[in-house]
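For this one, chain W is given, so just place chain L on it according to the hints.
These protein sequence lines are chains W and L, in that order.
Sequential numbering from 2 applies to the first sequence in my numbering.
Sequential numbering from 2 applies to the second sequence in my numbering.
Think of the hints as simulated: they come from the structure by calculation, not from any bench.
A portion of the hints provided could be inaccurate.
Chain copies aren't distinguished; within one or between two, either way the pair holds.
Unchecked claim - Cross-link-like lysine to aspartate or glutamate pairs, in silico, EDC-like; alpha carbons within 16 Å at most:
hint : residue 1 : residue 2
1    : K330      : E306
2    : K266      : D57
3    : K266      : D277
Protein chains: 2
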Amino acid sequence: MKYKAVLLVKRPETAITADIFNVVTLETPLLKEGDILIKQTHMSLDPAMRGWMNADRGSYIPPVELGEIMRSSGVGDVVESLNENFPKGTRVSGMFGWTEYSVSQGQGLQPLPKGIEPEAVLCVLALPGVTAYQGLMNIGKPKAGETLLVSGAAGSVGTIVGQIAKAEGLRVIGSAGSEEKCRWLKDELGFDAAVNYKSNRLFKDLLKAAPDGIDIFFENTGGPIQQAAFNLMNAHGRIVVCGVISEYNSDKPSPGPSWVNIVRKRLRIQGFTMPDYWDKFPELSNNVATYLLQGKIKYRAHVLEGLESAIDGINLLFTGGNMGKLMVKL
Amino acid sequence: MKYKAVLLVKRPETAITADIFNVVTLETPLLKEGDILIKQTHMSLDPAMRGWMNADRGSYIPPVELGEIMRSSGVGDVVESLNENFPKGTRVSGMFGWTEYSVSQGQGLQPLPKGIEPEAVLCVLALPGVTAYQGLMNIGKPKAGETLLVSGAAGSVGTIVGQIAKAEGLRVIGSAGSEEKCRWLKDELGFDAAVNYKSNRLFKDLLKAAPDGIDIFFENTGGPIQQAAFNLMNAHGRIVVCGVISEYNSDKPSPGPSWVNIVRKRLRIQGFTMPDYWDKFPELSNNVATYLLQGKIKYRAHVLEGLESAIDGINLLFTGGNMGKLMVKL
Numbered sequence: 002m003k004y005k006a007v008l009l010v011k012r013p014e015t016a017i018t019a020d021i022f023n024v025v026t027l028e029t030p031l032l033k034e035g036d037i038l039i040k041q042t043h044m045s046l047d048p049a050m051r052g053w054m055n056a057d058r059g060s061y062i063p064p065v066e067l068g069e070i071m072r073s074s075g076v077g078d079v080v081e082s083l084n085e086n087f088p089k090g091t092r093v094s095g096m097f098g099w100t101e102y103s104v105s106q107g108q109g110l111q112p113l114p115k116g117i118e119p120e121a122v123l124c125v126l127a128l129p130g131v132t133a134y135q136g137l138m139n140i141g142k143p144k145a146g147e148t149l150l151v152s153g154a155a156g157s158v159g160t161i162v163g164q165i166a167k168a169e170g171l172r173v174i175g176s177a178g179s180e181e182k183c184r185w186l187k188d189e190l191g192f193d194a195a196v197n198y199k200s201n202r203l204f205k206d207l208l209k210a211a212p213d214g215i216d217i218f219f220e221n222t223g224g225p226i227q228q229a230a231f232n233l234m235n236a237h238g239r240i241v242v243c244g245v246i247s248e249y250n251s252d253k254p255s256p257g258p259s260w261v262n263i264v265r266k267r268l269r270i271q272g273f274t275m276p277d278y279w280d281k282f283p284e285l286s287n288n289v290a291t292y293l294l295q296g297k298i299k300y301r302a303h304v305l306e307g308l309e310s311a312i313d314g315i316n317l318l319f320t321g322g323n324m325g326k327l328m329v330k331l
Numbered sequence: 002m003k004y005k006a007v008l009l010v011k012r013p014e015t016a017i018t019a020d021i022f023n024v025v026t027l028e029t030p031l032l033k034e035g036d037i038l039i040k041q042t043h044m045s046l047d048p049a050m051r052g053w054m055n056a057d058r059g060s061y062i063p064p065v066e067l068g069e070i071m072r073s074s075g076v077g078d079v080v081e082s083l084n085e086n087f088p089k090g091t092r093v094s095g096m097f098g099w100t101e102y103s104v105s106q107g108q109g110l111q112p113l114p115k116g117i118e119p120e121a122v123l124c125v126l127a128l129p130g131v132t133a134y135q136g137l138m139n140i141g142k143p144k145a146g147e148t149l150l151v152s153g154a155a156g157s158v159g160t161i162v163g164q165i166a167k168a169e170g171l172r173v174i175g176s177a178g179s180e181e182k183c184r185w186l187k188d189e190l191g192f193d194a195a196v197n198y199k200s201n202r203l204f205k206d207l208l209k210a211a212p213d214g215i216d217i218f219f220e221n222t223g224g225p226i227q228q229a230a231f232n233l234m235n236a237h238g239r240i241v242v243c244g245v246i247s248e249y250n251s252d253k254p255s256p257g258p259s260w261v262n263i264v265r266k267r268l269r270i271q272g273f274t275m276p277d278y279w280d281k282f283p284e285l286s287n288n289v290a291t292y293l294l295q296g297k298i299k300y301r302a303h304v305l306e307g308l309e310s311a312i313d314g315i316n317l318l319f320t321g322g323n324m325g326k327l328m329v330k331l
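Isolated chain W (complex conformation) (with noise of 0.2 Å):
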């Protein structure tokens, strides 16, 4: 059976462009003994895959190869098996790539249970989740009472840093690039307040949203609210530092500020990316499910459709196009 598939085979200077890609069209091998023949369904588009198209710059883990299909998180379901763990029909998660088929033994791969969407498994228990729970519970350490400003906050992550931060009895502002991600994040999921950091009135907009000042900032995005943010932080504030994504396309980085307050106000500051949590999935990603099963999370799917559409696709998410969890619907 044929299908197809799509490449790295070039690194991107600065933005990805669609000629370091090649789709492919392959032929789907005999399955050997604890084999399984896997149908992607959905195919999830995340900000780290940026990092993961570089040649290795230190990064926390190795750089896709060239010539290698693109490295991608998934949900699918198993149309032939030959290992009795995978029986046909079982739905499974895991790191397909750029496919629309997969065979695997079944290492690294997550049964996945009856009836919960496809969409809920990439937008809430996946990637996102894990990493706005680990970020936010375990780094972040939110105390009911203070306030939390996640910039992103209408992305992937962002959208479950904030109502989870909810849940937990803070107050929280989200920064998005767009009015009506703003009134969708105060409307639709809870948020407190909700700021635009392309307003040229940002630092006030800030201020006002945040009268108290801010305990905890959940950074995914760099740019201007970095700073807004950081002249508001209370004295003993954390700042999580899950992604800079306003960067990740610049060969020359922004600085950063001045690190006079980090001593005046004792602030911790820490980055953390998922690879080193991978023992710590299951139970990250079941902690994120009560939450989710409480109702106390809601989240949006911005679908495109076929694997091709990947390719231009995957730059909403550096120019702030997409309305949700970015993935493809195969």
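Coordinates of chain L only, in the frame set by chain W:
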């Protein structure tokens, strides 16, 4: 009995100038029950004083009020006593301020054991030592075999940070502002390497001194060493921000490094100031005393003579003109 004291009468605009102080002659009062009269013999000059001179800008302790005696810690002898806890002849340390004599009921004063030099108290057991210990051991959390870089390495805190780190089995690199200081760090204090931050090949020098990268950067100074050190941090590195003295006289602080590598390398950057740990002061001081008694901490006092020498002398801290812990002998 008449004595001299120095009042803060103006706030510095940027640099500390003589006109912000006023030298006054006062008379010792009659002692009441519980009072002691202390003749200060050694008075400490510390970088933190620059912050105490500002009108409150959200700093960690209140500013010195205009018209008050300038704040400082020191060592003195009880020369008259109506307090049985502090008999005449007791040596004490405390926050006496820029003054030759001080009257107290004993609150906040530490009696000192006989035979310990006042210089050792101010150089090692007082603020510099507890600051070094708290920052290095409790915030930096060093492990034997790791590499530490300390900036301001020839300063009061830096010398002790480096020597405790050596005692704990780390590779220790210091940065300082002259070849003479660098030699002293290596030859006298046993640092593994030292770099001159004024070198025009600073990054190369540092790379040579830290071939395995930097696990802990103990930051006292800011300036060019900050970015150079940041670029060499290893994954999971810790940056302890104790001070950025090069910025304190500036009203437009320099930016810090881009946050991209905070994520890539999962760095933790943490600021601290000692007033948050006053209750741990005796315990911390005891911990430092252990290294001192084991002969693992050498110290050097830079001693100015006479109360009024503090007025110009404090600027040695900001020009890097001092060699070792700056103090005034009265």
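**Study point:** Hints violated by the structure (numbers, ascending)
**Key:** As far as the earlier hints go, not one is violated by this structure.
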